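Novice: So the chains spell out like this:
Protein chains: 2
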Amino acid sequence: MTTKAIADDVVAMSKAGNIEGIGPKYWADDIVSIEAMDGPMGRIEGRAGVDAKGEWWSGAHEIHGAETHGPWVNGDQFSVRWVMDVTQKDSGTRLTIDEIALYTVRDGKIVEEKFFY
Amino acid sequence: MTTKAIADDVVAMSKAGNIEGIGPKYWADDIVSIEAMDGPMGRIEGRAGVDAKGEWWSGAHEIHGAETHGPWVNGDQFSVRWVMDVTQKDSGTRLTIDEIALYTVRDGKIVEEKFFY
Chain E
1 MTTKAIADDV VAMSKAGNIE GIGPKYWADD IVSIEAMDGP MGRIEGRAGV DAKGEWWSGA
61 HEIHGAETHG PWVNGDQFSV RWVMDVTQKD SGTRLTIDEI ALYTVRDGKI VEEKFFY
Chain U
1 MTTKAIADDV VAMSKAGNIE GIGPKYWADD IVSIEAMDGP MGRIEGRAGV DAKGEWWSGA
61 HEIHGAETHG PWVNGDQFSV RWVMDVTQKD SGTRLTIDEI ALYTVRDGKI VEEKFFY
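Order-wise, the sequence lines are chains E and U.
Just so we're aligned: 77 in the UniProt record's numbering is position 77 of the first sequence, and the numbers increase by one with no gaps anywhere.
Just so we're aligned: 5 in the UniProt record's numbering is position 5 of the second sequence, and the numbers increase by one with no gaps anywhere.
Keep in mind that the hints are not guaranteed to be accurate.
Note: identical chains are not told apart, hence a pair may lie in one copy or across any two.
Below, simulated EDC-like cross-link-like pairs (lysine to aspartate or glutamate); rule was C-alpha separation at most 16 Å, straight line [what the hints assert, rightly or not]: (1) K4 to E99; (2) K4 to E35; (3) K89 to E99.
FYI, nobody ran anything at the bench for these hints, they're computed from the structure.
None of these values were measured; they are calculated from a predicted model.
The whole structure should be built from the sequences, with the hints applied where relevant.
Specialist: In structure tokens:
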């Protein structure tokens, strides 16, 4: 698959409410996930760790609504903009998350995801 | 300056209509500009070439309106979303350009700009 085809499918899956299906379908075994923070959550390497992070995030947040914008593509990379209305379950704080995800593709799999806030 | 401070200033300059001031203020001498295309315009290295590209672009398009969204920051990189209503002067075609620009910062200067469509 081309980067453009993967990008379109990721956005379509997200809009269809199937965000959880993206990882099993597209993450490479050696995927690296990079957040805009220091500490152990700032950079996670490998499917097991990234899966665990996703499970933690889903458990820690209630999602009231989400918009997916994009994708925007250049070469082996594409960007998606997510705008999510969520409540952090621990604190009860409701907030809007507006972020850009930058994905890097190799051999039809996502090898890096990097989040910008 | 931090990446965040540069990102905020780039967005503020753009919203104030001073896009042309960004290059002189922030581009490194060895800046690389990467478009989502093959050919000589796909990758331009150095201030002189990037300046010439900017002059060509400004001359070839009439801008009717522009929105600037962001910035989104992670480490030494930040993203901006531009939505522009333009007419290509040669063809007379009016179109909306919706793109993500990914900037990489080193020593307070932008060393790479990469555009996603």
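Novice: Now look at each hint and say whether the structure bears it out.
Specialist: Hint check results:
1. In this homomeric assembly, K4 and E99 come within 16 Å of each other (Cα to Cα) only across copies, at 15 Å, whereas the closest approach inside a single copy is 20 Å.
2. Within a single copy, K4 and E35 get their C-alpha atoms only as close as 23 Å, which misses the 16 Å cut-off; across copies the closest is 15 Å, which meets it.
3. Proximity of K89 and E99 under a CA criterion of 16 Å is satisfied in neither setting, with 20 Å inside one chain copy and 34 Å between copies.
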